[in-house]
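Asker: What follows is each chain in one-letter form.
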Amino acid sequence: DQQVKQNSPSLSVQEGRISILNCDYTNSMFDYFLWYKKYPAEGPTFLISISSIKDKNEDGRFTVFLNKSAKHLSLHIVPSQPGDSAVYFCAASVGANNLFFGTGTRLTVIP
Amino acid sequence: DTAVSQTPKYLVTQMGNDKSIKCEQNLGHDTMYWYKQDSKKFLKIMFSYNNKELIINETVPNRFSPKSPDKAHLNLHINSLELGDSAVYFCASSQAQIINEKLFFGSGTQLSVL
Numbered sequence: 001d002q003q004v005k006q007n008s009p010s011l012s013v014q015e016g017r018i019s020i021l022n023c024d025y026t027n028s029m030f031d032y033f034l035w036y037k038k039y040p041a042e043g044p045t046f047l048i049s050i051s052s053i054k055d056k057n058e059d060g061r062f063t064v065f066l067n068k069s070a071k072h073l074s075l076h077i078v079p080s081q082p083g084d085s086a087v088y089f090c091a092a093s094v095g096a097n098n099l100f101f102g103t104g105t106r107l108t109v110i111p
Numbered sequence: 112d113t114a115v116s117q118t119p120k121y122l123v124t125q126m127g128n129d130k131s132i133k134c135e136q137n138l139g140h141d142t143m144y145w146y147k148q149d150s151k152k153f154l155k156i157m158f159s160y161n162n163k164e165l166i167i168n169e170t171v172p173n174r175f176s177p178k179s180p181d182k183a184h185l186n187l188h189i190n191s192l193e194l195g196d197s198a199v200y201f202c203a204s205s206q207a208q209i210i211n212e213k214l215f216f217g218s219g220t221q222l223s224v225l
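Chains A and B, in that order, give the protein sequences.
With the working numbering as the guide, the letters of the first sequence map in order to residues 1 to 111.
With the working numbering as the guide, the letters of the second sequence map in order to residues 112 to 225.
What the hints contain is simulated information worked out from the structure, not anything from laboratory work.
We put the CB at the ideal spot given by N, CA and C, even for glycine.
Careful, some of the hints might be misleading.
[Said to hold, decoys possible] A few chain A residues that don't get close to chain B, going by computed Cβ distances all over 12 Å: (1) S12; (2) S69; (3) P82; (4) D84; (5) G102.
[What the hints assert, rightly or not] Covered stretches of chain B (chain A as the covering partner; in silico rule of three or more C-beta atoms under 8 Å from a C-beta of chain A): (6) 122-130; (7) 142-155.
Extracted from the complex, chain A is given alone in its bound form (with noise of 0.2 Å):
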């Protein structure tokens, strides 16, 4: 059972706009949520969290937004850069248990 869901597989945007990516989450008992970025041949990096107390966390040009009601989150980028062009995944833990992650978005910026 998949609690974690990224439906949107890829999504293409032109540099300088903004990149939303969506997620989407079952369990309501997750309190922490976590934004993972992939390269081709590289293991995920660490991009940015939110935990449940919170609907909004910014880092720079990243931004997360937490629907709590809607268990929804998701990642803004802005402006998108062509070195933004990877896979995302979302992910989210309950307590100290494991991370269940989505099946990533794979973004493509378009210079």
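Starting from the known structure of chain A, arrange chain B on it as the hints suggest.
Answerer: Frame of chain A; chain B shown alone:
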């Protein structure tokens, strides 16, 4: 200088063989993990391990066993390989055994069982 390194990067082998994947981290982290990414791109935890405790995902067959000679290394041994074991295996580490702590991943080992 790679923080989490795993070898080999590619592993092609026959069904029934026994193989190992090595992982080393130079971050001084206390906890290491093995993740499996299957053909559907699901990333799932297999094991987490620190010097005190091994936590096994109950869905992992006992043909898979982690071996940790020291805090910086966590190797994965797989016995009697099966076709369904084909996947990308990622090693990772974190400072503490708190899953919210961000993970540092290796670059992955693509295992193909023929």
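Asker: Compare the structure with each hint and give your call.
Answerer: Do the hints match the structure? See the list:
{"no.": "1", "hint": "S12", "result": "holds (19 Å)"}
{"no.": "2", "hint": "S69", "result": "holds (22 Å)"}
{"no.": "3", "hint": "P82", "result": "holds (22 Å)"}
{"no.": "4", "hint": "D84", "result": "holds (18 Å)"}
{"no.": "5", "hint": "G102", "result": "violated (8 Å)"}
{"no.": "6", "hint": "122-130", "result": "violated (count 0)"}
{"no.": "7", "hint": "142-155", "result": "holds (count 5)"}
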